[in-house]
Structures are given as C-alpha cells and as structure tokens.
Amino acid sequence: MATIHFSQVCKTFGEVTAVDRLDLTIADGEFTVFVGPSGCGKTTSLRMLAGLDEVTSGRIFIDERDVTHEQPKARDMAMVFQNYALYPHMTVAENIGFALKLRRLGRAEVAEQVSRAAEMLDIAHLLQRRPKELSGGQRQRVAVCRAIVRNPKVFLFDEPLSNLDPQLRTSARGEIRALQRRLGVTSVYVTHDQIEAMTMADRIVIMRDGKVQQIGTPVEIFERPANTFVAGFIGNPPMNILPLAALGKAAGLSPQLAGVDQSETMIGIRPEHVSFVSVSSAATIARVVQIEMIGTECLVHAEIGAERIIARVVRPLAPRIDETVGLAWPDDEIHLFDASSGRRMGQNLRLSA
Amino acid sequence: MTQTLELVATTRIERTAARRKIDLRPAVFLAPFVVLVALFTYWPLIQLVYLSLFKLNRSGPDRFIGADNFLGVLDNAQFHDAAYNSLIYIFLSIPFKVFLPIPLAVFIWTMGAKLGNFYKAALFLPTLLSFVVVSIVWIWMLNPVMGLFQSVIGPLGLQMPSLLSDVASAIYVIIGVGAWKLIGFNILLYLAGLSAISRDYVEAMRLDGAGDWVVLRRLIVPLLSPTILFVAISTVVFTIQQVFTPIDVMTQGGPLNSTTNLFYLVYQYMFESFNVGYSAAGALLIFLLLGLIIAAKMIWFEKLVHYS
Amino acid sequence: MSKFLLSAVILASSILSAPVNAADPVTINFWHYQNSNREVLTQTIKEFEAANPGVKVQELFKDLTNLATEIQAARMVGRAPDVAQVLARLTIGMVETSNPVPLERGPDKGAFLANVASNFLATGAYKGSTYAVPHSFGTPVVYINRDLFRAAGLDPDKPPRTWQELREQGLQIKQKTGKHAMFVSNGGRDVGPQQMLVNAGANMLSEDFSRATFATPDAIAAMQLWQDMAVVDKSVAVFTERENYSLFMAGQIGMMVTSIASFQGAQRSAKGVFDMGVAHYPTWGEKPRRVPNSGASLMIFSEAPQRRDAAFRFLAYMMKPEVTNRWAVQSGYLPIAPGAKNADIVRAYVAEELRWGVAVAQMDDLVSTARWPGTRVVEIQIVLENMVSALWQGKGRAATLVPAAEKEITRLIAAGAN
Amino acid sequence: MAPSMLKLSRPLMLVGHIILLVTALSIIAPLILVLGTSFKPANEIYGGLPWPRKFTLQNYYDVFEKLPFGRYLWNSLATTTLRVGGQLLIALFAAYAFARYNFPGRGLLFALVLGAMMIPPQLTFLPIYLLINKLGWFDTWAGLIVPNLAMPLAVFLLRQHLLAFPKELYDAAAMDGANELRILWSVVLPNIKPVMAALTVVLFVDCWNEYFWPLVITETDHAMTVQIGIRRFLDAERGDDLGPLMAAVTLISLPALAVFFACQRQIIQTFVSVGIKG
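Protein chains in written order, with the numbering used here: chain A, 3 to 355; chain B, 286 to 593; chain C, 970 to 1387; chain D, 4 to 281.
Hints are computed from structural coordinates only; laboratory data are not their basis. It is possible that part of the hints are untrue.
Unchecked claim - Taking lysine to aspartate or glutamate and the EDC-like style, the derived pairs with C-alpha atoms no more than 20 Å apart in a straight line are:
1) LYS1203(C) with ASP451(B)
2) LYS75(A) with GLU171(D)
3) LYS196(D) with ASP55(A)
4) LYS1364(C) with ASP366(B)
5) LYS1025(C) with GLU222(D)
6) LYS1015(C) with ASP224(D)
7) LYS134(A) with ASP485(B)
8) LYS75(A) with ASP55(A)
9) LYS75(A) with ASP308(B)
10) LYS1025(C) with ASP224(D)
11) LYS134(A) with GLU488(B)
12) LYS340(B) with GLU1065(C)
13) LYS170(D) with GLU161(A)
14) LYS69(D) with GLU1065(C)
15) LYS69(D) with GLU1008(C)
16) LYS1376(C) with ASP360(B)
17) LYS170(D) with ASP308(B)
18) LYS134(A) with GLU171(D)
To be verified - Computed, partial: chain C to chain D, Cβ under 8 Å:
19) ASN1035
20) ALA1042
21) MET1218
22) GLY1363
Computed from a prediction, not measured in an experiment: that's the story for all the values here. Positions of the beta carbon are idealized from the N, C-alpha and C atoms, including for glycine.
Take the sequences, apply the hints, and build the full model.
Set out below in structure tokens:
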C-alpha cells in the first residue's frame, strides 16, 4: 500500500520534452489513469515511476521516500506491459514465479504462491504451457498474474488491453478493476482509450505534449473540462467547439453570454445537448449534411456557415439530409473557452446555477 | 481532490539537486572488451603506423622515412597483381559464399529434422578442419593425373586440366576451396537467422497465393537481411585473412602471381623477407581497402534492410 | 645396426674426451626446424650435455617459414635464441637485422671452423667475417623412376649425365610411355632455377652483392633448353610443387630434380611402388658441375658473455667431424667436414646406400646459394620463380625473359638497399 | 521433429535434394580420403585409391610415439575451452551494452569494433609479440588465451541478434527485480541459444585449428598445442609425412566434431521450442 508523489518531474530526450513538470499525488489504494494521445508523455511518466527511465529533473516519492534514483527492484512495483513481455523460454508458471525466485523464496513456496495467483485469474490449467501456446487473452491474464503474485506496493499498467479484441477488452476492464479493488493496491494505468479511462479510473490524468491538461475524477473531467483539448478528448462523439461568433444571433441571446467578447471566445456544447427546434423559433440555423446511425440514436452533422456541429438525438427526432433546421441547447450546458489559450472561462454555467 | 493546474507556469525547470547520475552499466559491460581490443588490436595498429613510417635501427634512434615504405609497396609489380586479385577474391566470394548458402539453408530449413541434420552436419564438416589440411586434400583431389576427379572422368576418355598450374584457373580453385570450407558455417548462420522467422508470415504469404520464389524473394530474404549483412562482412574478413593458407599451401601465389593477394604479399614481407616497414605499410593499405569495401557494403545493405 | 654401433662409439669417445666444467650450468636456447630428424638432433644434444655438464641446451622446434622472422622479433625484445638454424640464403638478411655473433670471436678464435670444408664455409661469410656454419645442407640430385626408364627402353643404370642428354632421354620417356619425363622442384621459389643458372656457369650476384649477373649466354641457353622441353617436347611436368611431388611418388613422372634432403621421404613413399634411383645433377655440356646448396646454417645470437661462450661450445661440438658426419648419415643431409666423403662412417653408409652416395660425391661441386641482400628478398625470389613459370608456359623466349629478370632483380637490390 | 516452416513445391524440393546431395558428396569424398590415408602404409599414400589396400594403424602409432600427444591435447582442450568461454562472455557483455543502452560515443565505439574485425592478427604480430614479452607470457596458457579474448566478430553477431530482442523483456525482468547480470543470464541468454551455440562452434573451431599464434608463443610441452604437434609431419623441404599427418588430423578433428554435435542438438532443440516472437 502506498502513496505516490510526482514533484516537478521532467523528462527530455535531447531537444524534445516528453514530460513537462509533472506534479501529482496519488492516494493510497487509488486507481489513477493516465490518458492522452500517443506521444503525450503518459507512458514515459509511468516508466519513470517504474524506474525504467531516468528522470531528467524533479523527484518521485513513494510513501514519502525519495525513489527518484532508485532501481526498479528497489521500488517494489509490478507492471503489466502492452505486449505482456512474457519470457518466451519460460513456462507460464516460471514466468509468474520468476520474481519470487529472484527473491530467493523456496521452491515450494514459489509454487504455492504461483498457483494461488493463477487460481485467482483462472489460469491454473495453463501453468505448464509456454507463452507461444496461449491466446492473446490468456497471455494478458498471465501478465496480470505475474504482477499480482508478488503482492507489490503499486501496480503499473501500460496499455494492457490494447492488444485484445473489443469484447474481451470490455470484460478485462471490469476484471482488472475488480481485482484491484479486492487487493486494494495503488495503481497507475496508462491508456489512450478515453472509455477505458472513464470506466476504470478513480482519477484521470489527461496529458498532451508532455503537459498535464487536467486531473480529476471522471465526472469532473467530463463536466468541467479544463480546456478545449480535454473537452474534445473526452466523450464520444466529442464536444462541439465553435467560435462563439459563428453562432450569430444566438450568441447575444443567452443572458449568460452577455458581456463576453465574442471574437475571443469558443463555445462548447456536447452533442447530446443539442436539440432541433423550428427554424422560426431558433436563434441558430444550420443545414443538415450527414446522418450516422448508431443504434437507438443517431448523429446529425449540420453546418452553421463554415462551422460544423454534431447533435446526438434519438432517431425519431432526426431531421433529413439537406433540411434546414434550428438548433437549441440548454443554457446551463454551455462551456466557454478562451479562444487563444483554449482554457476554460469562468464557471461552468450549470454548476454555477 | 481536484487539482486545477496552472498551465502557464512561470516556475523554471529546476534540475534535481541529486543530479542525474551517469549510467555506468554500459561502461561496466563494455570494459573487458574495450580494454582487450585497445590493448591487443588498436595499440598494435598504432604501432604499425609507426613501423610504416620509420626505419628501425638496431643501433641508435629509428629513422623517419615518411611515405617511403608505402611508395615501395605501391611500386612493386606484385602489388598490382595482388590488389587486383584481392578484389577478385572479395567479389567472387559474395556469390559463392554469401548467396549460394541462402537457398541451401532454406532447403535444409524446410526439411524434416533427420535429413536436415544430416546435411547440416555434412556441410559443416569442412569448417572443422584446419585450412592446411583442407588445402592438401584438395591438391590430391584435383591432381590431373591421379586425382579423384580424374579417376571419375578418366574412364570416359576425358582429361582433367591442370587447374592449379594454369594462370587462368588457379585463383578460381582457391576461391572454390575457400567456399567449400566456409559454406557450412554460413549455412548454420542462416539457419540461426531463419529460426527467428515466424511461420505466420510464411502462411500469410501463402494464403495470398505466393509461390516459392515469391516467398523466398519477398519474405525470407528481407527478413534474413541482418543475417545476410553479417555473413557478408564476416565472409569478406574471412576471405581476406584466411585465404593465405590455401595460397601458401597450394600455389604460393603463383603461377605468375595469379593467385597472390595483398594479405599474402604482406605476409611474405613480414615472414619471408623481414621487411617490417613494408609489411606495416601494406597492412595499413589493406586495412584501408577493407574498410572502404565494408563501409560500401554496409551502406548498400542498410538500404536493403530499410527497403524491406 | 652399424649406425647404432658407430654412435655408441662416438658417444663413448666424446664423453671421455670432454673437458669438465665445474661452473654453474648455463641454459642456451637452440631453435631449429628439424621435424623428421628431431630424435637424431636431440640425441646429439644429450651427448653434448653429457660432455659439458655446465651447459644445458633447450631445443625448440620452429616453423621454417617463420623462423627467421621469429628470431628477428625475439631479438627486438632481447630474448633471441642463442643458437638458431637459418636458411643459408637468409644469412645476409640476418646479419643486417639481428646482430649475429661473428664466429671468429669465439673463445677459440674460430678454430673450430676448420672442421668445415671451405666451399661450405663460404656460404656463411659476409664482409670478411663468418656468421654461419652449414648444418642441414642439401645438394640437388635427380631422382629416377627406374621402372619408367626401362619401360621407355632406357637403361636406368645410365642416367643422363648432361642436360642435353636429359632432354633426349626425357623425350624418349614422353614418347614411349606417355608420361611426363621430369619436373624441377623450385626448392622454395628460386633454388631450382638458381641451380640451373649457376651450373651453366653464371654467377647469380656480383662479388659486392650489388647486381644480378646471371644472364650469361650459357645460362640463357640453359633456360631455353628448359623451355624447349616444356613447350616443344612437352616432357616437363608443369604442375604445382606438391602435385609434382605426389605424381612422381605415384610413378607418373620419370625424373624429379630436387634436394637430397628429400631422399628419406621419397624412399619411404616409393617403396613397393616403383624402383627408385638417384643420379647426379646433370652438367651443362662439358662444364664442371657447380651446384648451389639448399638448406640451413647455424648462427649464434647470444649477447651475455656466459651464454655466448656456452653457445660457442655447443656450436664447436656440433661442428666436430664425427658429429657432422653422423648427422649426415642419419638425416640424409650432406656431410660438411673437409674430406668427409672419406670418413669411415660416411663411407660405410655410402656403401650401404649408394643412392645417398651420389650426393656425397657432389660435395666438392657445392657453391654458395645466392644470398640476396636488402629488404626485397621475396620479390627477388618471385621474379626468378615467375621467370621460370613464364618460360615453361611459353610466354616468351629465354633470350628476353632472362635478361629482363636480371634487370628487375638488380633494380630490387638497389631499391632494397638502404 | 522440427515443424516444417515452409513447404516447398515438389519439383523445387527435388532440386534442393540434388544440390544438397552433390554438395554433401563433394565434402564427404575428400574427408574419406583423409580418413583412408590415415590407415595407409607410406607407399600407398600416393597410390590414387582413397582407401588403403593394406590396412595399418602404424600412422596412429607414430602420432603417439613421436609426440607427447596427450599433453598437447590437454593444452589444446584447456586453452580452447577457457578462451572460448571467455570470448563468449566478453562478447556477450559488449553486445548487450551496444544493443541495450544508449550512451554517448556508442556509434564510434561500434565502428571501432567493426574496424577491429579488419585487422588480421598476423599483421599485428610484431607489436603483440613485444607486448607479450613485457607481460612475460611466453610459453604460458595466458599468452595463448588473453590476446585473443576480444572477438569483434562475436560482438557484431550477438549485437545483431540482440537488437531484435524485444525491449519490454528487459523492462519486465527489471520490474521483476532482476539485476543486469540476472537479466542477461536468465532472460537474454536462453533466448539467443541458437546463436550462442553457432558461435561456440565457430570460436571453438577457430581456436582449435589455430596454428600461427601458438607456434610463436609456445616453446615447450608446457603450453604446446596439437596443431603445432602435427606440424611435425608437414615438411616443405623433405616432403610431407602424410600418413601420420592424416592420422593426427583425424584424431584432433574429433573434439571439434564432438563440440559441433553437442551444440547441434542444442540448436535444433531451441529451434523447436522457442521462438523469440512468442
């Protein structure tokens, strides 16, 4: 059990800054997810925490202990790798027991702990096989099993599900989270998949170009995105973000928008909050250009001048292509962002209400 | 618990007090090799440079003679034959020693274990023999009057030509014997490389309707290219270094300099005429030549590797 | 049997006559390339040690090809052998590079050199001093396949006496049996051609070692004869050295011209295969026979006075006529003592092995092999080797090839001079 | 039974068999000549038949009688084993450093490794000889072993294979608590067994057959190796003594052969059970 603290941690590779001044505290038992597009620095952060990559500057603490320059083995963490990194020449049992063997545990004790861990992950029948002879899902379980068998202070996951097919991924998500809850081990999980982040995390760290964009619970991140990047990254389909000026008359109508410099402001509206109203009663007029069916709902793409907006509505409410429609949304679902910096402006309208 | 981050932070990146430690691990792992190579390869090489520029004097200080040794080596009539032959040795060794073993290795690779092992073992046997013995045995084999080949073709009324004493053919015999000795080793290297090729690729390509040739050309050769590069380089090194044994035993560079090469020439300077200066100068010239050839090869293969 | 008796007698006498030295034992190193005769050599060393309790001789086999270079390298690091075998043709090179001890500087002022015949001693002389004494010398002879002679209708007991006769008989062998008539061993590149040239009356080098001088009309004619045999008669076997040797041993070539040093090996291989005879090296017309030696001499490289003294004692012992004669008898090399062919042990063995006697009879015809000066010895040798190859392959006439070779060698001597 | 990775079409397979058979024959025939000659009496050696008419063991007897063959064999075996072991270890370390770490000067250092391959030992004989003299290593095992311990070719070959080694395996092992040596020994080594086996054979044969250096460096039975021993039967001046030579060659080829077959099983086993791509 452990708390983790990143203090002004930076990592540069030559000219490139991979991680820029990361400050983060992870509470004991917390499940933290680093999410962001590839190259955002999330994996590097994880590897620095693991001790696999050297920190350029800053410090990392585990339980108040400065581990910045300690070797991985001194940090007592376990990691599940994207490609599982199972030792090809060892059997499953040997793979799982390798770390225990290195701790000079007796043969019998290793065997016992391995089989207990294997039971937990339901892979006891695979123990004598070699990694080559396993399916992708089985390998993933072996990798997780290898991590938990040591009973470490911290679990690290580096995109452990990205090589699984979607169905398996959904069930594995639940299993990993359940396992972590049961064991109560502090965990850091890296993914590029926002759904994984939203469904699994106690807290999410969103990164981009080495910089943290926002840290918060899934609900906070979803409801109060700190900037246009977070807003666009979380949610499917992503939030519509348009220059306030593009909305024309509508911009002036809402009392909340009064006094805002239209040319300097972006407005964000989630697709599910956009609804269609009659053209005559609407402040914003748009033309429907595309309709995507996604089950009981559909996505309606409409053009407001040169800007595009997506609405998510139940099918019966959907207009037809080329139809000119009026758009509306609840005032308290509007997010405003500074056009030049992309940062959130003022209070979330709904929360402030 | 929300932390809202100040994005436009003004704090300067402050280096950790405990500065980044220099990672000593590579140094530790490299130390034994580097020390030994420095001591037993590069230090002698530096001394060779010295020996090539100075004339050793048994009484008094050594005398600087500049490029005299190099000019002397270059002015030698044999040097030109030797340089030309060296190129022949190197370039002809490529098809015989580098490319020919590829299909052979692939054939063995596709065979059952039993037969494959037999071929592997048989082809590897010459590698185990010393080159002196190999050369003597081949002299017998090729003997135009009573060699094994003559006794096979003799009854058919044919006469084995005297390959080793003919200016036109002697060098090819020596190249052939070198290939004979090396082929099994290179096959083994290729088999090690092939073992890393996943069956999935082959099957995938088969499903795409690829024939043997396409699989070989488009899949196996590209995947094998790092091994091929290694084989090519080791073969060139081997060829230039080791070929002097068959030359010495079989032809002594003759007839009419047709089989001598630079290495043999340098060897002669050193061991037959105690001409240390020429030997050093010649050695450096070879070093230069080999470096150029290998660099060219690296570039060429690097392209090949990247292309695939 | 007689050999054994003789050596026992020599052993006994040398023990009795040896002066006993009470000083601390000195160990000297002796490098040699003797393979097949190593037992004989070590036996002699044991006898020497028995006679000289103060001296131990550590004998070391070294490869002939590298021997001279190893001495030179060892010299550089101050661990040169005290006594070493050096090919006679390399003596000048060793003098120029490795500081051998002039043998007149020994404790006996070179008195022991009197135990070596003067024409042999000349092979080790350079600039007024003697640096080397002959030890394992050979002289060229003609090995004969007597069966092939008979098959060609020739009398094996009347082998060719001159090169002109050899050509005629060779042609007959070629025509009657279809086999090759002869091959001439190059004897380490240039020895074979040298012997032909010198035997025809030429000198390889000028007196001052500054020029090649072998392109005399007779020498050119001799070379032309070789070419005619190869190109016109096609009786010369033009194969590689080892091929030729094995062909002769397989009974496929009528005559082999090479050193007497090959005698024991050839005898062993020919046994039961064909009837092998040995004939004199043919003369050039009516000229007296002059044959350059092949083989190795002994030189001293010790620096410390004590070791040097011990080395001289060893060398003096090795040069005793009874030792050299027995060595000759047992190894098949030439005896080197003045008048050795009349020594009892030599006569006894010649009576037993007449074929070896042919070589002994050529003792007085021996002249020094060409000792090329300078740093370009190998190239000079290759020029001669290539000259012969070109002749045998018909690449040009002797009248042009021989003078060209002479000119090139003179150039190489000058280039290798400083 | 190795799984057939690639099934060739029947005619091509036939071509393959024919080519391989011819090549194998061209190799086996001369070897039979070696073996046959070793049983021939002296006067049959140039007789043209590959096998003896009159079978004799005299040549083998000569080998043991004329040489302290046992002592030579011991020197050869011991120095070869030590040297090859050292070469493998040192090369593996170096190759690991090149493949695993990114450190300043890596490119230059590797270029120097490649360069070292191009320097044939015979050319640098003199300086090394002087060095050995300073170290006092003449006629010792150290003199035979140490100057040859760094094998650039081996470093190159191993690096080539280690570059293909999945990087996560290093990380996984580090997370499992393995130190660098343990990673090398328990994770890397088992996965490059085929290359190591091939390399072992090559280095062994190279060292076993080495002639030139032992000749220069050894002086007595204390360190003399078998290859120097057999030189005794090769005599340019007086004609080679081919019978005992071939007997000795047969005898001294056996250890090399044994190493090959020992490693060969290893290679094949590794082919079957482990694919690095797993």
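Numbers of unmet hints, in rising order = Numbers 3, 14, 22 - these are the hints that the structure violates, sorted from lowest upward.
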